[in-house]
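Trainee: Please model the complete structure; the sequences and the hints are all you need to start from.
Going by our numbering, the first residue of the sequence shown is number 52, and it counts up by one from there.
It should be emphasised that the hints constitute simulated quantities derived from the structure, not laboratory data. Be aware that a few hints might be false.
Claimed, not checked - Result set (EDC-like, lysine to aspartate or glutamate): computed pairs, CA atoms no more than 20 angstroms apart in a straight line:
no., residue 1, residue 2
1, Lys-67, Glu-198
2, Lys-67, Asp-173
3, Lys-108, Glu-200
4, Lys-151, Glu-107
5, Lys-125, Asp-212
6, Lys-209, Glu-224
7, Lys-176, Glu-198
8, Lys-108, Asp-199
9, Lys-125, Glu-156
10, Lys-194, Asp-205
11, Lys-176, Glu-107
12, Lys-209, Glu-156
13, Lys-67, Glu-86
14, Lys-108, Glu-156
15, Lys-151, Asp-205
16, Lys-209, Glu-198
17, Lys-67, Glu-110
18, Lys-67, Asp-212
19, Lys-125, Glu-94
20, Lys-193, Glu-107
21, Lys-193, Asp-205
22, Lys-176, Glu-110
23, Lys-125, Glu-96
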Amino acid sequence: MSNTLVVYQSAYGHTKTYADWIAQELGCPVLPAAEATLGRLYEPEVIIFGCGIYAEKFEGAAPLLRQFPALSQKTLILFGVGLLSGPEGDESYFQQLVHKNFPPEVRARVHFYHFPGGIQYDALKLSHRAMLSLFCRMLRAKKDLAEDERRLLDCYGKNADFSDRSAIRPLVEYARRFGGDV
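Mentor: Structure below.
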(Lines of atoms letter the chains of each structure in order from A and count residues from 1; the text may use other names and numbers.)
(Lines give C-alpha, C1' and ligand atoms only; values in the text may rest on other atoms or scores of the structure.)
Protein backbone atom coordinates (compact mmCIF):
# COMPACT_ATOMS: atom_id res chain seq x y z
CA MET A 1 0.00 0.00 0.00
CA SER A 2 1.25 3.43 -0.91
CA ASN A 3 1.95 5.99 1.78
CA THR A 4 0.66 8.72 -0.55
CA LEU A 5 -2.87 9.98 -1.16
CA VAL A 6 -4.11 12.43 -3.81
CA VAL A 7 -7.19 14.46 -2.85
CA TYR A 8 -8.84 16.85 -5.28
CA GLN A 9 -11.72 19.27 -5.75
CA SER A 10 -12.65 19.73 -9.39
CA ALA A 11 -15.46 21.86 -10.74
CA TYR A 12 -14.97 21.23 -14.47
CA GLY A 13 -12.65 18.21 -14.64
CA HIS A 14 -9.19 19.67 -15.23
CA THR A 15 -8.06 19.23 -11.63
CA LYS A 16 -9.42 15.68 -11.58
CA THR A 17 -7.42 14.93 -14.71
CA TYR A 18 -4.21 16.06 -13.02
CA ALA A 19 -5.10 14.19 -9.81
CA ASP A 20 -5.62 10.98 -11.81
CA TRP A 21 -2.33 11.45 -13.69
CA ILE A 22 -0.41 12.03 -10.45
CA ALA A 23 -2.02 9.01 -8.76
CA GLN A 24 -1.16 6.84 -11.77
CA GLU A 25 2.47 7.97 -11.72
CA LEU A 26 2.80 7.40 -7.97
CA GLY A 27 0.68 4.24 -7.81
CA CYS A 28 -1.45 5.68 -5.05
CA PRO A 29 -5.16 6.19 -4.36
CA VAL A 30 -7.03 9.31 -5.44
CA LEU A 31 -10.13 10.70 -3.73
CA PRO A 32 -12.53 13.55 -4.32
CA ALA A 33 -12.32 16.01 -1.42
CA ALA A 34 -15.85 15.09 -0.30
CA GLU A 35 -14.60 11.57 0.51
CA ALA A 36 -11.42 12.67 2.27
CA THR A 37 -12.45 12.04 5.87
CA LEU A 38 -10.09 12.85 8.68
CA GLY A 39 -9.40 9.13 9.17
CA ARG A 40 -8.35 8.78 5.54
CA LEU A 41 -6.09 11.81 5.79
CA TYR A 42 -4.28 10.43 8.85
CA GLU A 43 -3.15 7.22 7.10
CA PRO A 44 -0.71 8.44 4.40
CA GLU A 45 2.58 10.19 5.03
CA VAL A 46 2.35 12.24 1.81
CA ILE A 47 -0.87 14.08 0.99
CA ILE A 48 -1.31 15.83 -2.32
CA PHE A 49 -4.23 18.27 -2.61
CA GLY A 50 -5.47 19.54 -5.95
CA CYS A 51 -7.90 22.39 -6.55
CA GLY A 52 -8.95 24.86 -9.19
CA ILE A 53 -8.00 28.52 -9.16
CA TYR A 54 -10.90 30.86 -9.87
CA ALA A 55 -10.83 34.63 -9.40
CA GLU A 56 -7.49 34.33 -7.61
CA LYS A 57 -8.85 31.86 -5.03
CA PHE A 58 -7.91 28.20 -4.54
CA GLU A 59 -11.35 26.58 -4.59
CA GLY A 60 -11.16 23.27 -2.81
CA ALA A 61 -8.27 23.96 -0.45
CA ALA A 62 -10.66 23.96 2.54
CA PRO A 63 -9.90 20.34 3.63
CA LEU A 64 -6.21 21.19 3.85
CA LEU A 65 -6.81 24.40 5.77
CA ARG A 66 -9.35 22.81 8.15
CA GLN A 67 -7.14 19.85 8.96
CA PHE A 68 -3.78 21.60 8.75
CA PRO A 69 -2.97 21.47 12.49
CA ALA A 70 -3.49 17.69 12.53
CA LEU A 71 -1.66 17.16 9.22
CA SER A 72 1.22 19.59 9.60
CA GLN A 73 3.78 16.84 10.35
CA LYS A 74 3.06 15.10 7.04
CA THR A 75 4.56 15.91 3.67
CA LEU A 76 1.92 18.21 2.16
CA ILE A 77 1.74 19.20 -1.48
CA LEU A 78 -0.88 21.41 -3.12
CA PHE A 79 -1.38 21.90 -6.82
CA GLY A 80 -3.60 24.59 -8.25
CA VAL A 81 -5.05 24.36 -11.75
CA GLY A 82 -5.87 27.60 -13.49
CA LEU A 83 -6.03 29.22 -16.86
CA LEU A 84 -3.87 32.22 -15.96
CA SER A 85 -0.31 31.83 -14.80
CA GLY A 86 1.23 35.22 -15.37
CA PRO A 87 4.01 35.95 -17.85
CA GLU A 88 5.49 32.84 -19.46
CA GLY A 89 8.09 31.28 -17.18
CA ASP A 90 7.34 33.75 -14.37
CA GLU A 91 6.10 31.99 -11.25
CA SER A 92 5.69 35.26 -9.32
CA TYR A 93 1.96 35.53 -10.16
CA PHE A 94 1.29 32.07 -8.76
CA GLN A 95 3.45 32.82 -5.69
CA GLN A 96 1.41 35.99 -5.11
CA LEU A 97 -1.78 33.89 -5.17
CA VAL A 98 -0.27 31.43 -2.70
CA HIS A 99 0.73 34.30 -0.42
CA LYS A 100 -2.74 35.85 -0.68
CA ASN A 101 -4.65 32.59 0.00
CA PHE A 102 -2.61 30.79 2.66
CA PRO A 103 -1.34 31.90 6.06
CA PRO A 104 2.42 31.84 6.76
CA GLU A 105 2.33 28.59 8.76
CA VAL A 106 0.71 26.80 5.79
CA ARG A 107 3.07 28.36 3.24
CA ALA A 108 6.03 27.22 5.34
CA ARG A 109 4.92 23.55 5.37
CA VAL A 110 3.20 23.00 2.01
CA HIS A 111 4.98 22.61 -1.33
CA PHE A 112 2.95 24.37 -4.08
CA TYR A 113 2.65 23.70 -7.82
CA HIS A 114 0.66 25.35 -10.61
CA PHE A 115 -0.67 23.52 -13.68
CA PRO A 116 -2.38 24.94 -16.77
CA GLY A 117 -6.08 24.21 -16.92
CA GLY A 118 -8.73 25.03 -19.41
CA ILE A 119 -12.20 26.35 -19.80
CA GLN A 120 -15.50 24.66 -20.49
CA TYR A 121 -17.47 27.79 -21.24
CA ASP A 122 -20.73 25.97 -21.92
CA ALA A 123 -20.54 24.29 -18.48
CA LEU A 124 -19.48 27.33 -16.41
CA LYS A 125 -21.48 28.09 -13.30
CA LEU A 126 -23.29 31.41 -13.54
CA SER A 127 -20.98 32.96 -10.93
CA HIS A 128 -17.85 31.85 -12.82
CA ARG A 129 -19.29 33.04 -16.12
CA ALA A 130 -20.03 36.48 -14.61
CA MET A 131 -16.54 36.77 -13.09
CA LEU A 132 -14.97 35.71 -16.37
CA SER A 133 -17.02 38.25 -18.31
CA LEU A 134 -15.92 41.09 -16.02
CA PHE A 135 -12.31 39.96 -16.11
CA CYS A 136 -12.29 39.78 -19.92
CA ARG A 137 -13.72 43.32 -20.09
CA MET A 138 -10.84 44.50 -17.92
CA LEU A 139 -8.34 42.65 -20.10
CA ARG A 140 -9.70 44.22 -23.28
CA ALA A 141 -8.95 47.63 -21.78
CA LYS A 142 -5.29 46.74 -21.17
CA LYS A 143 -2.65 47.75 -23.69
CA ASP A 144 0.00 45.11 -23.06
CA LEU A 145 -1.40 41.66 -22.48
CA ALA A 146 0.58 38.69 -21.21
CA GLU A 147 0.48 35.54 -23.34
CA ASP A 148 -1.97 33.76 -21.04
CA GLU A 149 -4.23 36.84 -20.94
CA ARG A 150 -4.36 36.82 -24.76
CA ARG A 151 -5.07 33.08 -24.64
CA LEU A 152 -7.96 33.69 -22.24
CA LEU A 153 -9.46 36.34 -24.51
CA ASP A 154 -9.02 34.07 -27.53
CA CYS A 155 -10.91 31.21 -25.88
CA TYR A 156 -13.60 33.35 -24.22
CA GLY A 157 -17.01 31.91 -25.05
CA LYS A 158 -15.45 28.62 -26.17
CA ASN A 159 -14.13 25.40 -24.69
CA ALA A 160 -10.36 24.98 -24.46
CA ASP A 161 -8.06 22.53 -22.68
CA PHE A 162 -4.42 23.38 -21.94
CA SER A 163 -3.85 20.45 -19.58
CA ASP A 164 -0.35 19.02 -19.93
CA ARG A 165 0.61 15.69 -18.39
CA SER A 166 4.31 16.57 -18.55
CA ALA A 167 3.65 19.48 -16.15
CA ILE A 168 3.26 17.02 -13.24
CA ARG A 169 6.88 15.77 -13.44
CA PRO A 170 8.35 18.11 -10.79
CA LEU A 171 5.53 17.32 -8.34
CA VAL A 172 5.86 13.57 -8.92
CA GLU A 173 9.64 13.71 -8.45
CA TYR A 174 9.22 15.69 -5.24
CA ALA A 175 6.60 13.24 -3.89
CA ARG A 176 8.80 10.24 -4.75
CA ARG A 177 11.55 11.63 -2.53
CA PHE A 178 9.20 10.97 0.37
CA GLY A 179 8.21 7.46 -0.63
CA GLY A 180 5.52 8.29 -3.17
CA ASP A 181 6.22 5.15 -5.21
CA VAL A 182 4.75 1.77 -4.41
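Trainee: All the hints need checking, so say for each whether the structure fits it.
Mentor: Status of each hint after checking the structure:
no.: 1; hint: Lys-67 / Glu-198; in the structure: 25 angstroms, violated
no.: 2; hint: Lys-67 / Asp-173; in the structure: 18 angstroms, holds
no.: 3; hint: Lys-108 / Glu-200; in the structure: 17 angstroms, holds
no.: 4; hint: Lys-151 / Glu-107; in the structure: 9 angstroms, holds
no.: 5; hint: Lys-125 / Asp-212; in the structure: 33 angstroms, violated
no.: 6; hint: Lys-209 / Glu-224; in the structure: 34 angstroms, violated
no.: 7; hint: Lys-176 / Glu-198; in the structure: 25 angstroms, violated
no.: 8; hint: Lys-108 / Asp-199; in the structure: 18 angstroms, holds
no.: 9; hint: Lys-125 / Glu-156; in the structure: 14 angstroms, holds
no.: 10; hint: Lys-194 / Asp-205; in the structure: 16 angstroms, holds
no.: 11; hint: Lys-176 / Glu-107; in the structure: 16 angstroms, holds
no.: 12; hint: Lys-209 / Glu-156; in the structure: 39 angstroms, violated
no.: 13; hint: Lys-67 / Glu-86; in the structure: 14 angstroms, holds
no.: 14; hint: Lys-108 / Glu-156; in the structure: 18 angstroms, holds
no.: 15; hint: Lys-151 / Asp-205; in the structure: 28 angstroms, violated
no.: 16; hint: Lys-209 / Glu-198; in the structure: 18 angstroms, holds
no.: 17; hint: Lys-67 / Glu-110; in the structure: 13 angstroms, holds
no.: 18; hint: Lys-67 / Asp-212; in the structure: 13 angstroms, holds
no.: 19; hint: Lys-125 / Glu-94; in the structure: 10 angstroms, holds
no.: 20; hint: Lys-193 / Glu-107; in the structure: 19 angstroms, holds
no.: 21; hint: Lys-193 / Asp-205; in the structure: 15 angstroms, holds
no.: 22; hint: Lys-176 / Glu-110; in the structure: 13 angstroms, holds
no.: 23; hint: Lys-125 / Glu-96; in the structure: 5 angstroms, holds
Of the numbered hints stated above, those contradicted by the structure are hints 1, 5, 6, 7, 12, 15, listed in ascending order.
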